[in-house]
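Chemist: The lines below spell out each chain.
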Amino acid sequence: MAKVIGAVVVDAEVCKGCNLCVVSCPTQTLGLNRDVNSKGYHYSYMENPESCIGCSNCSSVCPDSCITVYRLKVE
Amino acid sequence: MSEIAERLKSIIRPENQVYKKSSVLNDVTMHYCPGCSHGVVHKLIADVIEELGIQDQTIGVSPVGCAVFAYNYIDIDWSEAAHGRAPAVATGIKRIMPEKTVFTYQGDGDLAAIGTAETMHAVNRGENIVMIFINNAIYGMTGGQMAPTTLLGQVTSTTPYGRNVDLNGYPLKITELIAQLPGAAYVTRQSVHTAGAVRKARKAIKKAFELSQKNIGTCFVEVVSTCNSGWKMTPVESNDWMVKQMFPLFPLGDLKDGGKEATEPFQMKG
Amino acid sequence: MGELRLMKGNEVIAEAAIRCGCDGYFGYPITPQSEVMESLMAQRPWETTGMVVLQAESEIASIHMVYGAAGCGKRVMTSSSSPGISLMAEGISYIAGSELPCVIVNVQRGGPGLGTIQPSQADYNQATKGGGHGDYSLLVLAPSSVQEMNDFVGLGFELAFKYRNPVMILADGVIGQMMEKVELMDQQPRWSDQQLKEITGSWATSGKSKDRNKHVITSLEMDSHIMEENNLRLQAKYQRMKEEDVRYELIDCEDAEYVLVAFGCAARICQKTVQLARAKGYKVGLLRPITLFPFPERVIAEMAPKIKGFLTVEFNAGQMVNDVKLAANGQTKVEYFGRMGGILPSPDEVEKALHQKLIGG
Ligand SMILES: Cc1ncc(C[n+]2csc(CCOP(=O)(O)OP(=O)(O)O)c2C)c(N)n1
Ligand code: SF4
Ligand code: SF4
Ligand code: SF4
Ligand SMILES: [Mg+2]
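Note that the protein sequences, when read in sequence, are chains H, A and E.
Residue numbers for the first sequence follow the working numbering, so the first one is 2 and each next one is one higher.
Residue numbers for the second sequence follow the working numbering, so the first one is 40 and each next one is one higher.
Residue numbers for the third sequence follow the working numbering, so the first one is 9 and each next one is one higher.
Hints in this document: simulated from the structure, not taken from any laboratory.
Warning: the hint list may mix true and false statements.
Listed next, with one range per pair, are the computed distances between beta-carbon atoms [claimed, not checked]:
1. H:E14 to A:V57: 39 to 47 Å
2. A:K283 to H:E14: 57 to 65 Å
3. H:I54 to A:V67: 25 to 33 Å
4. H:E76 to A:D293: 41 to 49 Å
5. E:H141 to A:N111: 18 to 26 Å
Below 27 Å or equal to it, Euclidean Cα-Cα: the simulated BS3-like pairs (lysine-lysine) are [to be verified]:
6. A:K59 to H:K40
7. E:K205 to E:K189
8. E:K222 to A:K242
9. E:K218 to A:K246
10. E:K222 to A:K246
11. E:K222 to A:K59
12. A:K60 to H:K4
13. A:K60 to H:K74
14. E:K205 to A:K60
15. E:K222 to A:K253
16. H:K40 to A:K271
Covered stretches of chain H, going by a simulated chain A footprint (3 or more residues, C-beta under 8 Å) [said to hold, decoys possible]:
17. 16-26
18. 40-52
19. 62-72
The beta-carbon is built from N, C-alpha and C at its ideal position, and this holds for glycine as well.
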């Protein structure tokens, strides 16, 4: 059966750690980093990278357009 | 290399990219507070302009309000209007350059308080412009004062004990009024708090921009929004509050569609 | 020689706008200048030259429509009368701050408040000192004949684009309503796309093409240092106006011992006073400022030590007199005579005042 796997790249410097992407993710892939970026924000990152399905929910709710989404169909 | 890194490497490739920031958005970090709805709506407008291929023929009119600097973010020509006057500025632009696509971007104070006259009359003339209305029920820019759309009981810096009808009157449902005007072509109310809502809002904004090129009247898109700083909540709490408190008064959906009203020419004599 | 016609001042504004190739007019009715929009609407220039004419819902809306359209690099204008100009103040300040060219006609009536629809010059200070908030100036032209109502529309646009600054034609109810013979200009075409590109292409909001950066019309700047620079640039521009575009008329001033200073319709009355006084042997002249900003300071400063006094004649409580005093800088006596409320003094009345305040006193 075909399976969809995905990944996101967060622009950590632009991210403001608002958490909206984290709660929008249906697969609990994202979390806020314990580290902060140069502006002091706990930026978003893939806490559980293997669960991402590339659905783009996170990128569509992100106010700062800092998420790029990739998706791949695998057999 | 670890298994996870290997896996990511295989996915993160140009050919697998499904979402990337629009090229019509500049590479400037927006000044908005973390989680502010303004950023999402900017993104949607930029996406739509890119998709429709109208970057070179679109003029935006930014308001006085938190979105005053919209011109720093969306890579098109802009005119920055005085507080409330964006519909008049857009009218001037559209009338003098009717072949262009012209839109205003305004907050609730801008569009529904100080600029109410300009808003109503631009729509009533059926100006062939798009109006994007960010209703966050507060004056974000000036530090969280009461807006015309502030809910009854809502605490703001000028309604510290909650909005009170006797003192402050009622929340203004201006979009309902707009939908009554014969010059309105398309009037809709959207939000951007979930991925599904964002998809619908994007569709509505795209439709508004497409219709505005057909010159069939004013296209008006309200986006029920959050202002977490003004509301003094986290962005996530703000979304919940908006759904619970704002949606009952400002229900989502289309209020009008199908173009401005056709009329028979009136004969003064005979 | 252009076409000759007998016309009302307000109608001439409309005619001149169409003929000089104006792109758009946005206005709101108010006495004593409603004929401007009425004649435009009657002529339907959108069918001939393509000029846009729109009746706005208020003066606030009309000035901001002008702001939007002027930002597109086009030649646009509005007209109003005193209370309407007060409403426009914020918009005019934005236009000046964003350095946009446009023409604003103020056919003044008496104030304060709703005042009177009779003629007045009581908006002199408002017009010449900016009128709205912030450090800015309009270039102010004061016509004293129907012919100048015609000429100053074209000249106004020329100067507005020379400086990228709003130009005000400060007329009064008399000039607006008066009928006179006027020589009209031949119809000029509106600017072509090519001309627009050459003249305003570097800043106008005409749509961001791939080969240029976006254009933004704004008066906002959060960086204090840049904002100060913006202000200094404006001030330098006003200085340049003072050097290059002061306009005035001198009548019988060569040997004058007493000089009347009056603009607009008041200057016509004073011209008669000069004749009356000269007939009695008094050496009286008239200085008529045509640009009220930039004000003809230099000629006043040069005259001051040579004459026995200036008398300003104004339809207000004495506004221009302060600018004459500043320019004369104590070198001679400066007096004021005026009427208010819509009353125009007769030439005899002015002559009497001249005797009371200067010659006899
Ligand atoms: C003439 C004028 N009056 C008042 C202000 C101050 N002011 C700036 S923004 C604003 C309210 C903005 O609220 P809104 O339109 O809801 O935009 P938001 O910031 O919430 O997006 C006010 C009152 C102003 N700039 N100009
Ligand atoms: S693309 Fe979908 S699954 Fe992946 S992180 Fe974003 S929201 Fe979660
Ligand atoms: S939504 Fe965007 S800005 Fe907010 S935390 Fe996620 S990536 Fe960062
Ligand atoms: S104050 Fe409110 S509206 Fe303004 S940027 Fe912050 S969250 Fe957004
Ligand atoms: Mg608001």
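Chemist: Against this structure, judge whether each hint is valid.
Modeler: Okay, the hints, checked on the actual structure:
1. At about 22 Å, the CB distance of E14 of chain H to V57 of chain A disagrees with the hint of 39 to 47 Å.
2. One distance hint, 57 to 65 Å for the beta-carbon pair K283 of chain A and E14 of chain H, is violated here, with the actual separation near 34 Å.
3. One distance hint, 25 to 33 Å for the beta-carbon pair I54 of chain H and V67 of chain A, holds here, with the actual separation near 31 Å.
4. Our hint of 41 to 49 Å for E76 of chain H and D293 of chain A holds, since their Cβ atoms are close to 42 Å apart.
5. Judged by the Cβ atoms, the range 18 to 26 Å given for H141 of chain E and N111 of chain A holds: they are separated by roughly 24 Å.
6. Restraint check: the Cα-Cα separation between K59 of chain A and K40 of chain H comes to about 23 Å, which is no more than 27 Å; the hinted pair holds.
7. Only pairs whose Cα atoms come within 27 Å are accepted, and K205 of chain E paired with K189 of chain E is rejected, the gap being roughly 37 Å.
8. Between K222 of chain E and K242 of chain A, the direct Cα distance comes to roughly 26 Å. Compliance with the 27 Å bound is thereby established for this hinted pair.
9. For the hint linking K218 of chain E to K246 of chain A, the alpha-carbon distance of about 25 Å falls within 27 Å, and the restraint holds.
10. With a CA separation close to 25 Å, the supplied pair K222 of chain E and K246 of chain A stays within the 27 Å bound.
11. As the CA atoms of K222 of chain E and K59 of chain A are separated by approximately 22 Å, the hinted pair is consistent with the 27 Å bound.
12. Between K60 of chain A and K4 of chain H the CA atoms are separated by roughly 26 Å; this keeps the pair inside 27 Å, and the hint holds.
13. Proposed proximity of K60 of chain A and K74 of chain H is supported: the alpha carbons are some 22 Å apart, at most 27 Å.
14. For the hint linking K205 of chain E to K60 of chain A, the alpha-carbon distance of about 32 Å lies beyond 27 Å, and the restraint is violated.
15. With a C-alpha separation of about 25 Å, the suggested pair K222 of chain E and K253 of chain A falls inside the 27 Å cut-off, and the hint holds.
16. At most 27 Å may separate the alpha-carbon atoms for a hinted pair to count; K40 of chain H and K271 of chain A meet this at roughly 21 Å.
17. Coverage of the stretch 16-26 of chain H by chain A holds [criterion: at least 3 residues with CB-CB distance below 8 Å; count 7].
18. Residue count for the stretch 40-52 of chain H with a Cβ under 8 Å from a Cβ of chain A: 3. That meets the three needed, and the coverage hint holds.
19. Remark: the stretch 62-72 of chain H is confirmed as covered by chain A, as 11 of its residues place a Cβ nearer than 8 Å to a Cβ of that chain, reaching the required three.
The structure fails to meet hints 1, 2, 7, 14 from the earlier list, while all remaining hints are met.
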